[in-house]
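Count along the sequence shown from 1, then add 3; that gives the number in our numbering.
If you are wondering where the hints come from, they were derived from the structure by calculation, not from laboratory data. Don't take each hint at face value.
Ranges between beta-carbon positions, derived for each pair [stated by the list, open to error]:
1) S14 to F46: 42 to 50 angstroms
2) I11 to M44: 36 to 44 angstroms
3) I7 to D47: 36 to 44 angstroms
4) F25 to D48: 34 to 42 angstroms
5) V6 to T39: 44 to 52 angstroms
Here a beta-carbon is modelled for each residue, glycine too, at the ideal position from N, C-alpha and C.
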Amino acid sequence: MGVIYILICISIFVAAVFLTLFIKSVKSGQFDDQYTPSVRMLFDDEIKEKKGKKQKQSN
Numbered sequence: 004m005g006v007i008y009i010l011i012c013i014s015i016f017v018a019a020v021f022l023t024l025f026i027k028s029v030k031s032g033q034f035d036d037q038y039t040p041s042v043r044m045l046f047d048d049e050i051k052e053k054k055g056k057k058q059k060q061s062n
């Protein structure tokens with residue numbers, strides 16, 4: 004039974020270390036997107052239609 008308490012304490016400690024490292028890497032900009040802003044102008048824009056006004060089709 005004592006082994007379970009030791010393993011739980013060790014696993015909580017390891018989880019706290021990983022959480023601390025993750026928060027530190029996020030704050031330092033490790034996961035910032037460097038690629039997308041340079042190619043954003045190449046993406047197609049979506050066509051926005053006004054609501055409430057119907058477009059007339061010519062035959």
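Each hint tested on the structure:
Distance hint check: the CB atoms of S14 and F46 are about 44 angstroms apart, consistent with the given range 42 to 50 angstroms. The given range of 36 to 44 angstroms is broken by I11 and M44, whose C-beta atoms sit roughly 52 angstroms from each other. Taken as a hint, the range 36 to 44 angstroms is violated for the pair I7 and D47, whose Cβ atoms sit roughly 57 angstroms apart. Checking the proposed 34 to 42 angstroms range against F25 and D48 shows it holds: the Cβ atoms sit about 35 angstroms from each other.
Between V6 and T39 the beta carbon distance is about 49 angstroms. The supplied range of 44 to 52 angstroms therefore holds.
Taken one by one, the earlier hints fail for this structure at numbers 2 and 3, listed in ascending order.
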